[in-house]
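Student: Please model the entire structure based on the sequences and the hints provided.
For the record, the sequence lines run as chains G and F. In terms of the numbering used here, the first sequence is residues 1 to 113. In terms of the numbering used here, the second sequence is residues 1001 to 1188.
Keep in mind that a hint or two might mislead.
If we take Cβ atoms under 10 Å as the criterion, some of the chain G residues that face chain F in the derived model are [unchecked claim]:
id	residue
1	Asp2
2	His12
3	Leu14
4	Asn15
Below, simulated DSS-like cross-link-like pairs (lysine-lysine); rule was C-alpha separation at most 30 Å, straight line [claimed, not checked]:
id	chain 1	residue 1	chain 2	residue 2
5	F	Lys1095	F	Lys1063
6	F	Lys1073	G	Lys26
7	F	Lys1082	G	Lys26
8	F	Lys1095	F	Lys1162
9	F	Lys1095	G	Lys26
10	F	Lys1063	G	Lys26
It should be emphasised that the hints constitute simulated quantities derived from the structure, not laboratory data. Backbone N, C-alpha and C define an ideal beta-carbon position, used for all residues, glycine too.
These are the residues of each chain, in order.
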Amino acid sequence: MDLQALFAAAAHDLNGEEFTGGVLAKTRRLVYQVIAVAIGLLLTLLICAWWFAVPVQELSLLITQFLGTPLIDLGEGWLGWIFTPVNNIAALFVLSAKLLRMTWKKMVGASYA
Amino acid sequence: MPQAHDYYPQCPEPLIIGLARGGNRAAFAELVRRRQSSIRNLMRRCCNDTTLADDLAQQVFLKVWLSIRTLRKLSAFEAWLKRLAIHTWLQHIRKNDALRQAGEIKESYRASHDSSAVGMDLDSALAMLSPAERLCVVLSYQDGMSHPEIAELTELPLGTVKSHIRRGAERLQEQLSAYADQPKGKSS
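Tutor: Now the structure itself:
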């Protein structure tokens, strides 16, 4: 029995107008959904910016002030001015992070060796 | 005054694909019009349920619409479309429990979409096969694809594809033995 001929006999040339209309309607719906989601996201961002702009600004100011606090009081003179870049909490954080990274690298390197 | 898209039915397919890739909706509609029959027939043979088949075929064309920009070679469109259709069908059968689905199909094949006697008999015979066997048999006998092509598209090992087709064809021959002695053209 020729199965290929049987399949060919059973295949129809289907009318595509209604089907094509359905596909196009779905693509249109998808476009609207994407636009709606984009507008929603944009509105949420705008509302968040409007609500949280002042608190975020205040928080960032507080953090900046905290990080700039001197570790040792060297006074207002030239000594204090020279050591300003390293004599603060931010520098301590940076140095600690660098040290931790170096230690980690040594440990990992040693374990591979 | 006739508009550009009025001439799309006479345009060669690579041009239509190129226009659709550029976001032309009328060209995309023409592409759907041209290709819907083969994809719907493939889905109908695979799942034996007209509504589900058309729904899956619509999903295929939605995927085409969403990702046609990623198609590099216009000449590869046919194979790409078939791959999308097969992946959509495989996704569907993976989503639904295979055993439950096989049961549903056996129940539903009586209400087959096909009004012709050959179509109805073929659908009921196909319903006896597992989804993977059915897919391989349909791709081989309906779409005339080679075994390596089917293996590549379905991501099944070549040996598995060959055994699916051999077993599936044997079972179809058994089920459709009434057509074996019938002369051509008297099938419906």
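Student: Each hint: holds or not?
Tutor: Now the hints, each set against the structure:
1. Asp2: holds (8 Å)
2. His12: With a minimum Cβ separation of about 7 Å from chain F (threshold 10 Å), the hint on histidine 12 of chain G holds.
3. Leu14: holds (5 Å)
4. Asn15: holds (9 Å)
5. F:Lys1095 <-> F:Lys1063: holds (18 Å)
6. F:Lys1073 <-> G:Lys26: Judged against 30 Å, a Cα distance of about 26 Å means the pair holds.
7. F:Lys1082 <-> G:Lys26: holds (20 Å)
8. F:Lys1095 <-> F:Lys1162: holds (25 Å)
9. F:Lys1095 <-> G:Lys26: holds (22 Å)
10. F:Lys1063 <-> G:Lys26: holds (11 Å)
Consistency with the previously given hints is maintained throughout, with no hint failing.
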